[in-house]
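Asker: Here's the letter readout for the chains.
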Amino acid sequence: MRRAVGIGLVLGLLLLASPAVLSSYYLGLLTKMLIFALFAMSLDLLLGYTGLPSLGHTAYFGLGAYTTGLLTLRVAQTFWINVLAGIAVPTLVALGFSLLTLRARGTYFLMITLALAQVLWGIAFGWRSFTGGDDGLPGITRPTLAGWSLTGEIPFYYFVLVVFGGCLFLLSIVVRSPLGRALVGIRESEMRMRVLGYNVWAYQYVASILAALFAGAAGILFVYYNGYVGPAYLSVVVSGQVLLMVILGGAGTLLGPALGAGIIVLLENFLSAYTERWLTILGLIYVAVTLFAPRGVLGILRERFPLGRRAPA
Amino acid sequence: MTFWIIQTMNGISFGMLLFLLAAGLSLIFGLMKVLNLAHGSFYLLGGYLGLTILRLTDSFLLALVGGALGVVVVAVLVERTVLRRIYGEELRQALLTFGFVFIIADQTLWIWGGNPQTLPKPAGFQASIRLGEIVFPSYRLLIIAVGVVMGLALWWLQEKTRLGAMIRAGVDDEEMARGIGVNTPLLFTAVFALGAFMAAFGGVMGSALLGVYPGADFEVLLLAFVVVIIGGLGSLKGAFVGGLLVGLIDNFGKALVPQLAYFTVFAPMAAILAVRPTGLFGKA
Amino acid sequence: MTGGGAGIRVEGLVKDFGGLRALEDVTLRVEPGERRAIIGPNGAGKTTLFNIITGIFPPTAGRILFDGRDITDLPPHRRAQLGLGRTFQITTLFPKLSVRDNVLLAVQAADPARFTLHRRVEAYPHLFRQAEELLERWGLRDRAAAPVRFLSHGEQRQVEILLALAIRPKVLLLDEPAAGLSPAETATLADLIRGLPRETTILLIEHDMDVAFTLTDRISVLHYGRVVAEGPPDAVRRDPHVAAIYLGTATPKA
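Protein chains in written order, with the working numbering: chain A, 67 to 379; chain B, 414 to 697; chain C, -17 to 236.
Some hints could be false.
Claimed, not checked - FRET-style restraints, in silico, Cβ to Cβ: (1) Gly162/A x Arg180/C: 47 to 55 Å; (2) Arg468/B x Ala86/A: 41 to 49 Å; (3) Pro627/B x Gly172/A: 51 to 59 Å; (4) Ala70/A x Asp124/C: 19 to 27 Å; (5) Ala86/A x Pro598/B: 25 to 33 Å; (6) Lys78/C x Val71/A: 20 to 28 Å; (7) Gly501/B x Gly232/A: 38 to 46 Å; (8) Val688/B x Gly218/A: 51 to 59 Å.
Unchecked claim - In silico lysine to any residue, SDA-like type, Cα no more than 20 Å apart, as pairs: (9) Lys446/B x Val250/A; (10) Lys650/B x Arg581/B; (11) Lys78/C x Ala170/A; (12) Lys78/C x Asn292/A; (13) Lys446/B x Ala170/A; (14) Lys534/B x Met422/B; (15) Lys446/B x Pro598/B; (16) Lys78/C x Thr170/C; (17) Lys78/C x Pro360/A; (18) Lys667/B x Gly192/A; (19) Lys78/C x Leu367/A; (20) Lys78/C x Arg370/A; (21) Lys78/C x Gly192/A; (22) Lys446/B x Pro360/A; (23) Lys446/B x Pro627/B; (24) Lys78/C x Ala359/A; (25) Lys446/B x Gly192/A; (26) Lys446/B x Gly172/A; (27) Lys534/B x Glu503/B; (28) Lys78/C x Leu504/B; (29) Lys534/B x Val478/B; (30) Lys78/C x Val250/A; (31) Lys78/C x Glu503/B; (32) Lys534/B x Ile557/B; (33) Lys534/B x Lys650/B.
No lab work stands behind these hints: they were computed from the structure.
We treat Cβ as the ideally placed atom computed from N, Cα and C, and that holds for glycine.
Taking the hints into account, I'd like the entire structure generated from these sequences.
Answerer: If you want it as structure tokens, here you go:
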């Protein structure tokens, strides 16, 4: 436990000090890593902790991005309203979608989540007048928060860092709460949980909503990061990438997926300088990880070096 | 009146394509409990391979057979080298096939480029024919005919042949089937290959109708999913009925309310999930 | 440790699976605090009966009354909340979690804190205390940190019962608790069951005749989905029809 806190502090300090050491380019890259780390952690809640394998999680990421993007572009640059709406819309959609997706299990769940995300992609792609269609919506400016303009690389980085830190804190409480532990129980044995008296559906529903909420937050950060939103945000490719991040890093560990996100973003950035075939490499990594390391980096590390947890006296 | 008849026949012909895809998906899942996420990719690859073969040989038949067999080779390679190592773990297998989605999508983009292309229709089916007042593309009629023939062939295979009996035994109880001497690894490979064959076959035929382009794999995968969600995974009848339903709904949707496009397939899917989550003919 | 006993009744239960009738007009009345064994050859419908009582699938006809209340339409988790506990014939635990975490989840199930998401579970020390008590009582304290899948079969069967007890059931359904246990382990298990509070109503499916006949007040015999005999252990033991069933010479009633 102390070791984990120690590592956390060091990492935290490093992250805080980064703008002093990193060039603008690498700082931007680190910002992107943090955004996807948040996205991956949101999926981990659903997949890693609750055991619900969603192939369409990017639906909420994209909804957050489009909502905030559209409001910023077409309505006004009021930070709080745009951000709150960007969180509210994916959450509201999740309230409805989850009623459907939770009617399905296992393989059907995979299909229905992918299908729902793809439907949203189709709408974003086809509804040119509203969403800009295939071209998307460029020219989305970063907001000003309490007098601080977030247009600069460094202020935006700190903004993302604070949001990431806050979400990490919230998520870590959730996964260690009674509800969070019940989610793990549901993942391990739904039947056992039911027969113990847990309303399994209710827990899965809450997990679905929370996962959507945090994914939406990541989407908001990303649209401000890029200054642009397009149908690609809603594509199956993105769903697939974030899923890989979770598995590569270690499903059910919260920090593992954050690590996985960092690795994938770095790899993509580095390899794309040498080849256009990044997606092929991504696919190969997918195959390799699924075959040889399904528990992911952190999953394997935890087994080798168990941190253990003692019950309070 | 003519409008309705033409749209219905359009819907049915598209539905037959969907049936081919969904049947392959269902077949693979029914026996192996694997959700082949690369199914749309097999369609895409089949279409592209068929395109190249057609350009080289000028024979649609060769393109059809060659394209389908080419994908079968890929599928067998995938199944034998990687997929069979993790049998029994459904989610892992589904994710493994997902990796191949990326690989195939990217490789086809690299080899054939990003521009949408169309397969020329086979000679003899390029024109429309008159049926009373209605003028209808003969190629679409061909698709309907092929779909029905394939459907019958599959049904016959499943119900009347030894292979079909082995498949049904394997679906019911894999260990038992192995116990009575069914070579399950070989059976699995054969079924995976058959499913891939149907996807690729559909890919060649579909590419002549709708063109082949990056992203078609996902669009087709979505529709195949909608069909099996509605019809029920693991059921041939479900794939047929679901395919027709989705083909008709999608077609009428596009014809009557084009702005809503994807929404029209979303609604029946949502309805089925609300009422009967395992689909019309699905097993639980 | 457990709640006060309740009675449980099933009336006219019928269960069809497609063309197969698994249960035919099954009626049982178990009084509060009673110990009832359900015996019968394989395939007689015993586990199906338990599955229907706990709500895992619905009966084709008939009803279930728990403590006088009709629970036929209630989902499994509601029945558990009312005080119906159950163990499974095939050990159904949380395999990758430690024994302690398994018991904690069970203890949490009956606690109002179970839906909290804004405070860590360590903020509820009473849950941990209750878990430790249970582990202590069943002698599993020193195995508490081990992942449950590393336990011996006998120990796992113990945890299986422990989980069911943690929710303080009024009625406890034990599905072949001694399944796969050695004679020594079975004896330990029998002692533990005997030591359960007298108010708890217990329904026990068992193949081990010693366990069934010595631990219970009354026995119901199931054969091809029907109750064919019922009575105190001695009477059932001497019933020639029951003997015939087990020796394979009996035929199902038309």
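Asker: Can you confirm whether the C-alpha distance between Lys667/B and Gly192/A stays at or below 20 Å?
Answerer: 12 Å, holds
Asker: CB of Arg468/B to CB of Ala86/A, is that within 41 to 49 Å?
Answerer: 58 Å, violated
Asker: Check whether the Cα positions of Lys78/C and Leu367/A lie no farther apart than 20 Å.
Answerer: Between Lys78/C and Leu367/A the Cα gap is close to 16 Å, so the pair holds against 20 Å.
Asker: Between Gly162/A and Arg180/C, does the C-beta distance stay in 47 to 55 Å?
Answerer: 51 Å, holds
Asker: Does the structure keep Lys78/C and Gly192/A at a Cα separation of 20 Å or less?
Answerer: Cα-Cα ~46 Å, so violated.
Asker: Quickly compare the C-alpha distance for Lys78/C and Asn292/A to 20 Å and report which way the hint goes.
Answerer: Status violated; Cα separation ~41 Å.
Asker: Between Ala70/A and Asp124/C, does the beta-carbon spacing fit 19 to 27 Å?
Answerer: 26 Å, holds
Asker: Has the given pair, Lys78/C with Thr170/C, been kept, meaning a C-alpha gap of at most 20 Å?
Answerer: 26 Å, violated
Asker: Is 25 to 33 Å respected by the C-beta to C-beta distance linking Ala86/A and Pro598/B?
Answerer: 59 Å, violated
Asker: Could you grab the alpha-carbon distance between Lys650/B and Arg581/B and see if it respects the 20 Å cut-off?
Answerer: Roughly 15 Å between the alpha carbons, so the hint for Lys650/B and Arg581/B holds.
Asker: Is the hinted pair Lys78/C and Arg370/A satisfied, with a Cα-Cα distance of at most 20 Å?
Answerer: Given pair Lys78/C, Arg370/A holds - Cα atoms ~15 Å apart, limit 20 Å.
Asker: Is the Cα-Cα distance between Lys78/C and Val250/A 20 Å or less?
Answerer: 10 Å, holds
Checked against the numbered hints given earlier, the structure breaks hints 2, 3, 5, 9, 11, 12, 16, 21, 23, 25, 27, 33 and satisfies all the rest.
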